[in-house]
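**Q** Single-letter residue listing:
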Amino acid sequence: MSFAAGLLNATVQAATVLLLAGLGELISERAGVLNLGVEGMMLVGALGGFVVTAVTGNYWLGFGVGIACGMALAAVHAFLCISLKSNQVISGVMLTLLGTGLTTFFGSGWVQESITGFPQMTFPIVGRYLVHLPLVGEAFFRSTATDYLALLAVPVVWFFLYRSNLGLEIIAVGEDPEMADTMGVPVFKFRYLAVIIGGGFAGAAGAHLSLAFSQLWVPGMTVGRGWIAVALVVFAQWRPSRMLVGAYLFGLLDALQLRSQSLSLALDPNAPLAGVLNPLVNTLMNPQIMSTYPYLTTIAVLSYAVIRTESVRLAVPSALLQSYNREMD
Amino acid sequence: MTREPFLRMENIVKAFPGVVANDHIDLTVERGEIHGLLGENGAGKSTLMKILYGLYSQDDGEISLSGTRLRLDSPQDAIDAGIGMVHQHFMLIPRLTVAENVVLGEREPATPFRPDADAGGWLPDAVRSNSLVQSLAGRFSLGLDVPERRIQELADRYGFDIDVSAKVWELGVGQQQRVEILKALYRDVDLLILDEPTAVLTPTEADLLFDSLERLTDEGVSIIFITHKLEEVEAVVDRVTVLRDGENVGTVSTSDVSRADLAEMMVGREVLFTVDRERVAPGEPVLRARNVSATDDRGIEALSNVDLTVRRGEVVGIAGVSGNGQKELAEVIAGLRTVSAGELTVDGRDLTNASPRTFIDNGVSFVPEDRNRYGSAGDLSVMHNAAMKDFREDRFGSGVTLDYGELRAHAEALVEAFDVRGVHDVTDATAGDLSGGNLQKLILAREISRDPDLLVANQPTRGVDVGAIESIREAILDQRTEGTGVVLLSEDLDEIIDLSDRILVVYEGEVVYETTPEDADRERIGLEMTGGGDATATAGAQVRGLGGSS
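Heads up: the protein sequence lines correspond to chains A and B, in order.
Under the UniProt record's numbering, the first residue of the first sequence carries the number 1, and numbering increases by one thereafter.
Under the UniProt record's numbering, the first residue of the second sequence carries the number 1, and numbering increases by one thereafter.
In short, the hints are calculated from the structure, not lab data.
The model shown is predicted, which means the values in this text are computed figures rather than measured ones.
Beta carbons: idealized from backbone N, C-alpha and C, even for Gly.
None of the hints are false.
Part of the chain B face toward chain A, derived, beta carbon under 7 Å:
(1) 75
(2) 79
(3) 93
(4) 104
(5) 139
With beta-carbon atoms standing in for the labels, derived distance ranges:
(6) B:165 / A:126: 36 to 44 Å
(7) B:419 / A:224: 57 to 65 Å
(8) A:186 / B:115: 19 to 27 Å
Chain B side only, calculated, beta carbon under 10 Å to chain A, not exhaustive:
(9) 74
(10) 77
(11) 85
(12) 90
(13) 95
(14) 96
(15) 105
(16) 137
(17) 141
My request is simple: use the sequences and hints to build the entire structure.
**A** So this is what it looks like as structure tokens:
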């Protein structure tokens, strides 16, 4: 496989993780609840899915359990932030630490295990022909089922948010819970619903990581992808369609980071400016430096959006981070 | 009264920590009437209506509608019972369209799934009427075509000019209020509660609203109209219930009582609509501004070459239509805005472009236009707010530590002296808990208690109820008697004429006219305020109308 095709292949794999986790975060934030526990929920999903797959041999069952694990941890976040009205940032960070700690502790015995995870498959029906497309064929049409599911989730989430009553009500709860309440929308119920669905997506992202991407369990294997998913929501301006673009862009950065060492961009030492450019390129392609690029991109997009549009058109849900209490206004 | 009234609220009690907001209140509303609910800020009007709309639950008392007892645990219960409410702060989501705001919570399914057969659905009736299909379609689909048509019909019927597919943020304030009313009408209400609906409207928009309300009552809808403006009660209301300190003072027919009677019921004592102004001989100049120019927040020149002298014991009134540089002038004099040219002296000291702290230390007090954003810190206690400018003084501590006992005593003294209501404990109540009039009294108390040489008050009585207006005006005049120079900026021409010793008119950042209240000719002032423009007759209306709408 050529370098470009390999890079594309890895991009799709990495993008799936970000897409699933990002869509979940998007739903939660649309209801007004920031979930910084994504990283923890992904790890819990990854370990839960891995253990069940290793024991039963059924990766679909493992995937389902991964989702359920993410939901369970999200339910804790929902209870703390919605019912107890705790600070969403503190609760989220705490859950990331909790998820990391729990999975490191309980997952230590599973590090050596191997499983048969999601196999590569060609896309149903049309994949047979499209897989032969140059460059993109292999990457997009011979992938795991979870890659296809993540892509399918984008229009589904879009339809749910913008073309269903439940979606409209979730958006209303995230924009102005008091208003939603006066219209008879059960604010608490919908916030719970959104946070738990979001946790399910994070769990799915983690399960994809351990069951399809690496087919291994390693403690802390999300390596910050949960945080990138949080940035991705801002990058996407809380819109599912833009999230698709962002997930592939950030996925590409992720894939590049893993391959940066094998990529030699050094100029001939005798070429003009080589003395300046070579160290510069080396620094820019340093994996540690590269891991900041998704965040830098997000800041750039956010600054652009702030400069370009009036605040009312910025997509951040107006009631993000606000808890709601009917008799306290 | 022989027949059963449409709405009956009996013995309603609601207590919040430290305050009884509703103390055994009775209210009855007849079918098709506009019933006024009058009271000062903090009298319990909004609380009573939030109980009726299911947002608060009452501690005691019963509510019945058409003879049926209601149990209202949530707004949904109230909506189901046919009660709608237009809140004082609009309950609209700016980012959504008019139609989306209106149908929110109604679970309108996509057109093919609509239960009404004539809506154009192609699905067989058997599928469509299936309750599972209904329930799923109501959750997982959303159809706006049919609702949009219905909303448009309603809008046309009541003469609302509204584009149902426009985003709410694109609409003006008056139109947004019509969307609020449409929300209620869409749900077939029999009883519509309007919480201070004219607070944000221009007089023309208010007249439009009154017309629509009459059309609604013609169709049998009952309306509860909450207000603290007496002229509105006289204009649109049939009967009025007056609340004071959480108690029902009485219900009267508006045709039987005068405005003064209502004011007395509301405040609990006789209200003087005219202010007694004793003569004070002005003393030495305290403020001198020479050739002052300044820019607004966007960097555009807002003041050009303004000369202003204020002497001790003198109120200088600044009249003008909103946005002609008054805000900038007030901020320049208070030291909050730098001048681009000119000089400013207070008591002979040159304070041109000195820091706000220097102005404060030199005896300049300021009552800003926006009491919530600039006049107070909403989340801090009344005690903190009361000492916000003076906490550095020796009596409050050593310079390193603060003497909280002294701070508390100071705040309690101010609350007592200025009759700030709704404060149970000065360390517990926050500034944000206070109603508009009471917060304004607290701010004025803080500024006046510093015994200032110069007091700058920008719109001190805007959006404040009758009783508070009276005491705020009295406090300003008392301060003048004590020898403070006062700069009063107001869009209310009556206030300017009643309180000022000299009147200056600003137009486009310049002082264009000066007069005294004795010689004041309202038409001339109105004309000067609008740049000597065309229509003399409309000037007065514009002055009042442009208040908060810009």
